[in-house]
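Visitor: As given, the protein sequences belong to chains A and B, one line each in that order.
Note that this note's numbering gives residue 171 to position 95 of the first sequence, counting from 1, and the numbers run on in steps of one.
Note that this note's numbering gives residue 63 to position 68 of the second sequence, counting from 1, and the numbers run on in steps of one.
Honestly, the hints are just simulated from the structure, not real lab data.
Be careful, since some hints might not be right.
Below, in silico cross-link-like pairs of lysine-lysine (DSSO-like), each with a Cα-Cα straight-line distance of 30 Å or less [stated by the list, open to error]: (1) K191/A x K100/A; (2) K204/A x K39/B; (3) K35/B x K160/A.
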Amino acid sequence: MARMKFICDAERCIECNGCVTACKQENEVPWGVNRRRVVTLNDGVPGEKSISVACMHCSDAPCMAVCPVDCFYRTEEGVVLHDKDMCIGCGYCFYACPFGAPQFPQAGAFGMRGKMDKCTFCAGGPEKDNSREEFSKYGSNRLSQGKLPACAEMCSTKALLGGDGDVIADIFRNRALKRGKGAEVWGWGTAYGKPDNPQQQAPKGPKS
Amino acid sequence: MISARQRIAALAALIALAGLAGCGEREQVVVYQQGKYQGKPDTKPADNDPAASLYTTSKWTKGDKSSWEAAIKARNQNQNEYARVN
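This is chain A alone, in the form it adopts within the complex:
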């Protein structure tokens, strides 16, 4: 199996925040913590684009790299999880994460950081699967019930796809081909720009 991943289709997201609500409800996420949120670019301007962002479950996760107590682990399915009993709430992972995924509950009267909380891809944590302890610390474990993350399954426009990376990439590719646009959102052109002269021939001669 490929790694579990999310893709958000900016052409479809209508900023309804259904994914945020589904996550909150499914995992009973406390007030002040947002495991998932919708980001809108050029809000209010015609042509605005929205995407839903949470932990991207990086293949080479920077949060894992900086954690001083090594409380992170990656499951066989590629989901990045952490042990809250180990977490010291230092916040290094928050600074390291490019997506702002780690969240810290304001647990005390003086605004002390609680233990880090983040999207678990609805895969719970290192407690007995579907136990009361697991739910209270990490939320629902839908993967162990043969389900996929609530945010992706609840998305009304199916903008947010979540699951096996190969499968959702195929779904997105097929969709982009059928509608004839939106493929440019992801890929080489977005990452590296377009060539100045596409007709230019590659230089000839032996490789150095």
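Please build the complex by placing chain B on the supplied structure of chain A, with the hints as guidance.
Guide: Just chain B, lined up with the frame of chain A:
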């Protein structure tokens, strides 16, 4: 007998060498070595009994990873409206 000119030349060479030593380049990028997870071990999703799950349509054999993966891939197609509607 070493002449004063030779001494000065040798001294200049020594100073130049000492100066070059300051230009030595060290590796600036720390290669991260994967830390060892210190927490509790986690169980695998496929090791759960599908009969114990509420409101799920996925069926797999307990402990069989490939059957769980097949169930998840099949469920993934619910997000593909081209497969659902057409």
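Visitor: Give a verdict on every hint.
Guide: Results for each hint:
1. Between K191/A and K100/A, the direct Cα distance comes to roughly 18 Å. Compliance with the 30 Å bound is thereby established for this hinted pair.
2. A distance of roughly 10 Å separates the Cα atoms of K204/A and K39/B; the hinted pair therefore holds under the 30 Å criterion.
3. With a CA separation close to 10 Å, the supplied pair K35/B and K160/A stays within the 30 Å bound.
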